[in-house]
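Chains as they are written, first to last, in full-length UniProt numbering: chain S, 1 to 243; chain C, 1 to 243.
Derived by calculation from the structure, the hints in this document are not laboratory data. Check before you lean on any hint, since a few could be wrong.
Identical copies carry no separate label here, and so any pair may be met within one copy or between two of them.
[Unchecked claim] With a straight-line cut-off of 16 angstroms between C-alpha atoms, the simulated EDC-like cross-links for lysine to aspartate or glutamate are: (1) K92 with E58; (2) K131 with E77; (3) K203 with E160; (4) K92 with D110; (5) K164 with E81; (6) K167 with E103; (7) K212 with E197; (8) K8 with D150; (9) K92 with E59; (10) K131 with D32; (11) K224 with D150; (12) K167 with D223.
2 protein chains.
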Amino acid sequence: MENNEEIKQFMNSGHLLLPNISIDCVIFGFHDHQLKVLSVRFKKTEFNALPGGFVYLEEGVEQAARRILEERTGLKEIYLEQFYVFGQADRKNTDSHRRFLEENGIEADDNHWLLQRFISIGYYALVDFSKVTLRVDSLSEWCQWFEISDLPPLIMDHAEIVQKALKTLRLRLDYSLSAFTLLPETFTMSELQTLYETIQNRKLLRTNFQRKILSMDILERIDKKWTGGAHKAPYLYRLRSDV
Amino acid sequence: MENNEEIKQFMNSGHLLLPNISIDCVIFGFHDHQLKVLSVRFKKTEFNALPGGFVYLEEGVEQAARRILEERTGLKEIYLEQFYVFGQADRKNTDSHRRFLEENGIEADDNHWLLQRFISIGYYALVDFSKVTLRVDSLSEWCQWFEISDLPPLIMDHAEIVQKALKTLRLRLDYSLSAFTLLPETFTMSELQTLYETIQNRKLLRTNFQRKILSMDILERIDKKWTGGAHKAPYLYRLRSDV
DNA sequence: CCAAAAGTGTTGTGAATACACCCATGA
DNA sequence: TCATGGGTGTATTCACAACACTTTTGG
């Protein structure tokens, strides 16, 4: 119950924020050959949502998104892309937010800022899974990774937001090297290939993939690893520092 | 001076609108072999801007964009795409809006809603130039087409907004048939080609262009026209109704 | 008949695909 | 030595660019 103070403080911080504007983040990570997304659960409820937040009066929108991301992942430098604004007239949190307040013993009337309509700016982030330290704030029960095809039910239009983010990521992938930000600093060629296969959701031929990536001349090769596994160890690569 | 009433009424309509949120529209038209954009001038000032507006409390964001577009062009059905949100912390209209108020004899203090920071949602629209009826509202001196490479100075970041819209349009053009919405219902093949050349800013070979477009099987050919010009008249085409 | 419009044929290039094949290496 | 990682060679397909050439048609 000691956390209730923090929740109450948050509930009273409306005057510091831009009203009716929220930010929702689809945070992509890659682990165990799968594309994952972060989701949080509102404390003492069974409502799940995307990590999100609001914009302080004197804060830029992208700046706000970076703050929210850091609060959840502990990472300061994050690959971030705005992808869509969700602004239907009836976009309100009535059910989930009201229940959240009830369950946490907070009374708020219908005019409370948190229960208003919100226009949400969607950002997606690509993070190095191994560098993320999941952080749970005072409003949430937990913060977890989910396989993208196995997400729990999400509040409001958050499932739709994830789909739109994924679609945009796929479209933009071909034109950028952004996928590398999902990998650790060093990686094997087959890890890279699996990543591309996972995002694009199709198989690629190893030989052609290798040729294409190497011909782009953006990787440098380091020593070897996997002293653990049997047989030959794969090479490790790193994205060239000048790209 | 009789319009001052309308301006005053608008200035007092803040309580009907979502605060701190604006919409800016880059309205593209194609005429005289050139890509054009609509700009408006604030009444009694020399400030030019993109056609824009605000979102009513009970109105969806896209719905608001369509309303704004109709107010300017008279068109109800418009091809519309959201492309970016501009949300820097210092995004304010101080100079231009304050001058606008002064020049129109309206006093407003620093806390007035119109002088606050605005997060602007950018939409671009593709319209049939020949169908547009330019409409000037009570706040603006005029509303005019400008060749895209010959825009007047625009307030705030509006020039940047145009560039971002154009860049997005170019990127998305290849994947969609959206360009056709810039043409009248019937058009010649060379008009279509010039349109693509203008947007992509490069020359195309007539023969290859023709072959490619026709092979897509999306056009139907009608009679002829140009009884005016000498020599053979070009065919007229129309986008097939089922695409 | 002439000039512009409309359409076909052909050739070369480069990227993507598919698969056969060879070399390297660590337990 | 053998299974796996790493890499080359090459044939096929396809989209596209470039350009030559023919056909259509209104005045």
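Structure-based check of all given hints:
1. K92 with E58: between (24 angstroms within a copy, 12 angstroms between copies)
2. K131 with E77: Cα proximity of K131 and E77: one copy only (11 angstroms, versus 48 angstroms across).
3. K203 with E160: Neither, since 26 angstroms and 40 angstroms both go past 16 angstroms.
4. K92 with D110: within (12 angstroms within a copy, 31 angstroms between copies)
5. K164 with E81: The answer is both: 12 angstroms in one copy and 14 angstroms across copies each meet 16 angstroms.
6. K167 with E103: So K167 and E103 fail the 16 angstroms test inside a copy (36 angstroms) and across (48 angstroms) alike.
7. K212 with E197: Answer is within; shortest intra-copy Cα gap is 14 angstroms, inter-copy 31 angstroms.
8. K8 with D150: Neither. Shortest intra-copy (33 angstroms) and inter-copy (54 angstroms) distances fail the 16 angstroms Cα cut-off.
9. K92 with E59: between (23 angstroms within a copy, 13 angstroms between copies)
10. K131 with D32: within (15 angstroms within a copy, 55 angstroms between copies)
11. K224 with D150: neither (34 angstroms within a copy, 57 angstroms between copies)
12. K167 with D223: For K167 and D223, neither the intra-copy (36 angstroms) nor the inter-copy (42 angstroms) Cα distance is at most 16 angstroms.
Figure legend: structure checked against the earlier numbered hints; hints not met, in rising order: 3, 6, 8, 11 and 12.
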